[in-house]
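**Q** Next come the chains, spelled out residue by residue.
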Amino acid sequence: MKKNLLFQLIVFFCIAVSASARNYTVSGYIVSDKSGETLISAAAVETGSNKGTLSNSFGFYSLTLDEGKVNMRYSCLSYASVSVDFVLTKDTVLNIRLKEDNILEEIVIVADRIDMSAKSSQMSAINVPAAQIKSIPALFGEVDLIKALQLLPGVQSGTEGFTGFYVRGGGPDENLFLLDGVPVYNINHMFGFFSVFNPDAVKNVTLYKGSFPARFGGRLSSVLDIRMNDGNSRKLSGSASIGLISSKLNLEGPLFSENTTFNISARRTYLDILLQPFMKQASEGELSAAGYYFYDINAKLTHRFSDNDRLFLSFYTGDDVIYANTSDNNFMSERTTKTKMDWNWGNLLLALRWNHIINNKLFMNTTMTYTRYRFDLGIRHSQESRYTDDGDFDTQLGYKSGIEDIAAKVDFDWMPNPDNEIKFGINYINHRFRPGVTAADMKDSESGISIDTAIGDKNIRAGDISLYAEDNISISKLLKINAGLHYSAFMVQNKFYNSLQPRLSMRFLLSDKFSVKTGYAYMSQYIHLLSNSSISLPTDLWVPVTKRIIPMNSHQVSVGAFYNLNDFLDISVEGYYKTMNNLIEYKDGATFLGSSTGWEDKVATGRGKAYGIELLAQKTVGQTTGWIGYTLAKTDRTFDRKGEELNFGKTFPAKYDRRHDINIVVMHKFSERIDISATWIYSSGNCATLGMYKFEDENGSEHIYVNERNNFRYPDYHRLDMSLNLHKKKKYGQRTWSFSVYNIYNRTNPFYVYPSEGRLKQITLFPIIPSISYTYRF
Amino acid sequence: MKTIYKYITALFIAAFLCSCENTIEFDGEAGKPKLVLHCFLYSGEPIMLTLQTGKFFLSNERIKPVRNATVQVYCNDQFIETMKIPNDNDYMHQYFGNFRPRPGDKVSLKVSAPNFEPVDCSTVMPQPPVIQKVDYTGEVKRDFYIFERFDEINNIMVQDTMYQFDENYDMICHISDPGNIRNYYGFSGTHYVFCYEDGSKESSPININSNDIVFGIEESELFDSQENRHKIFSDELFNGKVYQLKFDYNYTFFNATNNTHSYYQPYIKSRECHVRLYSITEEHYLYLRTLEASGNDSFFTEPVQIYSNVNGGIGILAACTSTDYVIQMPVK
Numbered sequence: 000m001k002k003n004l005l006f007q008l009i010v011f012f013c014i015a016v017s018a019s020a021r022n023y024t025v026s027g028y029i030v031s032d033k034s035g036e037t038l039i040s041a042a043a044v045e046t047g048s049n050k051g052t053l054s055n056s057f058g059f060y061s062l063t064l065d066e067g068k069v070n071m072r073y074s075c076l077s078y079a080s081v082s083v084d085f086v087l088t089k090d091t092v093l094n095i096r097l098k099e100d101n102i103l104e105e106i107v108i109v110a111d112r113i114d115m116s117a118k119s120s121q122m123s124a125i126n127v128p129a130a131q132i133k134s135i136p137a138l139f140g141e142v143d144l145i146k147a148l149q150l151l152p153g154v155q156s157g158t159e160g161f162t163g164f165y166v167r168g169g170g171p172d173e174n175l176f177l178l179d180g181v182p183v184y185n186i187n188h189m190f191g192f193f194s195v196f197n198p199d200a201v202k203n204v205t206l207y208k209g210s211f212p213a214r215f216g217g218r219l220s221s222v223l224d225i226r227m228n229d230g231n232s233r234k235l236s237g238s239a240s241i242g243l244i245s246s247k248l249n250l251e252g253p254l255f256s257e258n259t260t261f262n263i264s265a266r267r268t269y270l271d272i273l274l275q276p277f278m279k280q281a282s283e284g285e286l287s288a289a290g291y292y293f294y295d296i297n298a299k300l301t302h303r304f305s306d307n308d309r310l311f312l313s314f315y316t317g318d319d320v321i322y323a324n325t326s327d328n329n330f331m332s333e334r335t336t337k338t339k340m341d342w343n344w345g346n347l348l349l350a351l352r353w354n355h356i357i358n359n360k361l362f363m364n365t366t367m368t369y370t371r372y373r374f375d376l377g378i379r380h381s382q383e384s385r386y387t388d389d390g391d392f393d394t395q396l397g398y399k400s401g402i403e404d405i406a407a408k409v410d411f412d413w414m415p416n417p418d419n420e421i422k423f424g425i426n427y428i429n430h431r432f433r434p435g436v437t438a439a440d441m442k443d444s445e446s447g448i449s450i451d452t453a454i455g456d457k458n459i460r461a462g463d464i465s466l467y468a469e470d471n472i473s474i475s476k477l478l479k480i481n482a483g484l485h486y487s488a489f490m491v492q493n494k495f496y497n498s499l500q501p502r503l504s505m506r507f508l509l510s511d512k513f514s515v516k517t518g519y520a521y522m523s524q525y526i527h528l529l530s531n532s533s534i535s536l537p538t539d540l541w542v543p544v545t546k547r548i549i550p551m552n553s554h555q556v557s558v559g560a561f562y563n564l565n566d567f568l569d570i571s572v573e574g575y576y577k578t579m580n581n582l583i584e585y586k587d588g589a590t591f592l593g594s595s596t597g598w599e600d601k602v603a604t605g606r607g608k609a610y611g612i613e614l615l616a617q618k619t620v621g622q623t624t625g626w627i628g629y630t631l632a633k634t635d636r637t638f639d640r641k642g643e644e645l646n647f648g649k650t651f652p653a654k655y656d657r658r659h660d661i662n663i664v665v666m667h668k669f670s671e672r673i674d675i676s677a678t679w680i681y682s683s684g685n686c687a688t689l690g691m692y693k694f695e696d697e698n699g700s701e702h703i704y705v706n707e708r709n710n711f712r713y714p715d716y717h718r719l720d721m722s723l724n725l726h727k728k729k730k731y732g733q734r735t736w737s738f739s740v741y742n743i744y745n746r747t748n749p750f751y752v753y754p755s756e757g758r759l760k761q762i763t764l765f766p767i768i769p770s771i772s773y774t775y776r777f
Numbered sequence: 000m001k002t003i004y005k006y007i008t009a010l011f012i013a014a015f016l017c018s019c020e021n022t023i024e025f026d027g028e029a030g031k032p033k034l035v036l037h038c039f040l041y042s043g044e045p046i047m048l049t050l051q052t053g054k055f056f057l058s059n060e061r062i063k064p065v066r067n068a069t070v071q072v073y074c075n076d077q078f079i080e081t082m083k084i085p086n087d088n089d090y091m092h093q094y095f096g097n098f099r100p101r102p103g104d105k106v107s108l109k110v111s112a113p114n115f116e117p118v119d120c121s122t123v124m125p126q127p128p129v130i131q132k133v134d135y136t137g138e139v140k141r142d143f144y145i146f147e148r149f150d151e152i153n154n155i156m157v158q159d160t161m162y163q164f165d166e167n168y169d170m171i172c173h174i175s176d177p178g179n180i181r182n183y184y185g186f187s188g189t190h191y192v193f194c195y196e197d198g199s200k201e202s203s204p205i206n207i208n209s210n211d212i213v214f215g216i217e218e219s220e221l222f223d224s225q226e227n228r229h230k231i232f233s234d235e236l237f238n239g240k241v242y243q244l245k246f247d248y249n250y251t252f253f254n255a256t257n258n259t260h261s262y263y264q265p266y267i268k269s270r271e272c273h274v275r276l277y278s279i280t281e282e283h284y285l286y287l288r289t290l291e292a293s294g295n296d297s298f299f300t301e302p303v304q305i306y307s308n309v310n311g312g313i314g315i316l317a318a319c320t321s322t323d324y325v326i327q328m329p330v331k
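If you read the sequences in order, they're chains A and B. According to numbering that gives the first Met the number 0, the residues represented by the first sequence are 0 to 777, in order. According to numbering that gives the first Met the number 0, the residues represented by the second sequence are 0 to 331, in order.
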């Protein structure tokens, strides 16, 4: 019976695919006329038959049509549409250049209307152009990609000011961040105040919250696919920006010819440089240098060998650095004591990608990647005497941890006919986990002690392989299906885990402007982030699953309705229900700070569920654009396994369970010279655990009695931010003054609440904060 | 230039200082005071408990003893007695009873007091643990000193001998664990019993050292360490088997004699090492573990929920039984 069914399916598939036998294919790249950048999710539609497709992540499209007269219409947001009439008599390569639409230039789009429109089978995904991210008011004027995404329904920030990312009730380690297809393990700078993604280097961002296509895997809650700019192939261009805490520089252009382009972006904070003289003064000369800074460098080199072959080399490096050097000269004993401390942590990413068009229906993308996150701490304390070595010592302590991946993958896009868009591929990752090693090197001349040792866990290696296949099938005008399978296997320490993950999403197009969609996704995750707090610490450690801690998995079902109101307003309503298994949480009182030793004993495994409704109404045309997002959500956890009970086995709200989230974003362009934007954010208070009673134990010691985990809600959170941009054309480009005010009505939002002397005290981190920045684009 | 620096610094300092602290109202129902009950049942010993108030965390009132409560004791669901505070009790919140629980007894308490929600709790006395044997190896360094002292009875100077014992022992306690059920143990009761020449006895506790895996003690590295102060553990790793619990101790004691009466203390005739193992209830285990963990919590950890099996209140009704394995030790 099963064999028979399988045979019928294969026959159906072959018929569906071979139905294109007498047709011809139109294919090519869709690029920006101004910069030569490939355009992602640009639409290619044959107006007569109303058949269409979207360009993939590399701007490539392929559409198979009946022979004869065709009218191709190419369009992309913020670009003027182009129509091409011709008679299709053979397979045709048509590379299209779209001009930026000056009339609509001010339009800032929240979500790609075509991709997210009623017609697409994809749901629970949002495509965000970089321009939109840059328009949103930001803390200290520092535009941040992650904070911009926090304004979308279904995405919750954690603590105020931080780049916490909690999607549909999931934890912070359940999100896959891909920068040009390379996983980024630590997305935070400055303990989470800023993310590592420099908006100047970013072309496009797509966030998947559910109904994950089969090509993605490895995390339970979301996939954030960030694509870097390839570089302007027409001319040298760029921008320089000076802000309150950092400066940025972006350069891009052709290298030798139009076929080779580069794009490089860099930024660095400079608070440490500005404060240096004061720190020296405050320490009365003892402190020779101290400070904190972070930097990012994004670079991309693209070379086009021919219309069929392109090579990309992407690079990112970014570090946070804390340093302190002290020196104390004792004139009496003529001894000098020196202390030198360096903390460095950050990512290094490298990707080499080859795009090859095998034929006009088959696109191949081969990628080799390297990604590394590392945390290094070094402290050196030494004492030297001028005349004798009595009492001299030299002590060095070091701590290193991190994760390193080397990966290779091949992805294929096969578009046999307009009714089938097939993607398949294979991916292998070799993980190397460095769970934390402490090294000590001590020499003491007085006691004669000399120690050179290293303590800590050995590196753990793991193999992670995944295969996938998905087909975006148009069954009829009414029904479109995206069905796929994702298989993954994980090998670590002689343990083998694998899972077969079905993915399905269906669209029922009830009219040209109204559709109902539903989707299901099963996800599995083999790695965990050991983190102790709601803020990101550099000591947070990635660890693989073990014999005791088995992989997490989730099932998510989503249902939604999508309506386009007169090409003026896109309205969507989505509901979801997600269950998560084998989640880990720290046991009561367990602490983790940089050592993975015995971490399995410190965590409990349990399950969780999350459900909610997300509303998004977005206006994408006109001088005034923006959106209103609302999320009604609930998520809880149950840890009732024997010996691993949390909250005594009773269900409790998850740490970032919040009932209501409202985000209103409005942008208005008065003229070419002036535009403003404003965001208003409201959310229910975060959960916290408070001891509700005080009592004395049998020995008379006072204790706090906690009746339930996360039993207290912080006050509601809300704030209004505004920004004003003043542009002016200059001789060689355009300058922009940006003024922004964070928390304009100075709401004292809770960062931390604690009881003191019979009252509840609330710490507020960010009052009203004005900022200014200057940008020059050329 | 310095002026610019000053302005910038002032701007940042102002921003972070403005990240101020303010008082907020508690948006919830203020909790009424709760009864806090602590009762530790020892097999064969009379029952005793303490009752206090547990105050709402924002209340400024002091924690007070509760002396006007009615405390009823039940054994195997049969009413036994009402506990009382003796008139001469210095600790006015201690209630005493005559009931002596035995292994296997289900002991329940029902407590009511004016202005408090009534509370109840129950537990089952565990069976005594089984120590098959205790192996020990080690060395005793013995030394003696002869000295003179004044004998006040006979008004003469006498010679006396002082023996010093420096003991280092490695011990293995063979615990036979009953299968099928989860058992919990406490191992903090190892001690010496000194039997003096005059017939008196004295008990002296010994501090043992053990990094046995059952205690879940973590080696301290750069950042963290974990204790098990109460030396409690479960049979999770050896359910239904005989487990060899390893520990060691260092002990020094002195014994002075001239074959008459010691000036300092009576001559020690014999000496016993009692290796004591407790069988404790799951509630007792959870209470002690969470109580200990609550002392170690920090900004980075989830607050610890101290276990309580007192319905409607706070505290613990715990029970334990013990077994001593006696080893005769040298005195000379």
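Check the hints yourself; a few may be wrong.
Here are the simulated DSSO-like cross-link-like pairs (lysine-lysine), alpha carbons at most 30 Å apart as the crow flies [said to hold, decoys possible]:
{"#": "1", "chain 1": "B", "residue 1": "Lys31", "chain 2": "A", "residue 2": "Lys649"}
{"#": "2", "chain 1": "A", "residue 1": "Lys586", "chain 2": "B", "residue 2": "Lys132"}
{"#": "3", "chain 1": "A", "residue 1": "Lys649", "chain 2": "B", "residue 2": "Lys109"}
{"#": "4", "chain 1": "A", "residue 1": "Lys633", "chain 2": "A", "residue 2": "Lys649"}
{"#": "5", "chain 1": "B", "residue 1": "Lys83", "chain 2": "A", "residue 2": "Lys586"}
Hints were generated in silico from the structure; no laboratory data involved.
**Q** Please go over all the hints and tell whether each is borne out by the structure.
**A** To see whether the hints hold, each was checked on the structure:
1. In summary, the hint linking Lys31/B to Lys649/A is supported, as the alpha carbons are separated by about 23 Å, within the 30 Å threshold.
2. Distance hint between Lys586/A and Lys132/B is unfulfilled; the C-alpha atoms sit about 35 Å from each other, more than 30 Å.
3. At roughly 25 Å between alpha-carbon atoms, Lys649/A and Lys109/B fall within 30 Å of each other, so this suggested pair holds.
4. A threshold of 30 Å between alpha carbons decides the hint, and for Lys633/A with Lys649/A the separation of about 16 Å falls inside it, so the pair holds.
5. With a CA separation close to 39 Å, the supplied pair Lys83/B and Lys586/A exceeds the 30 Å bound.
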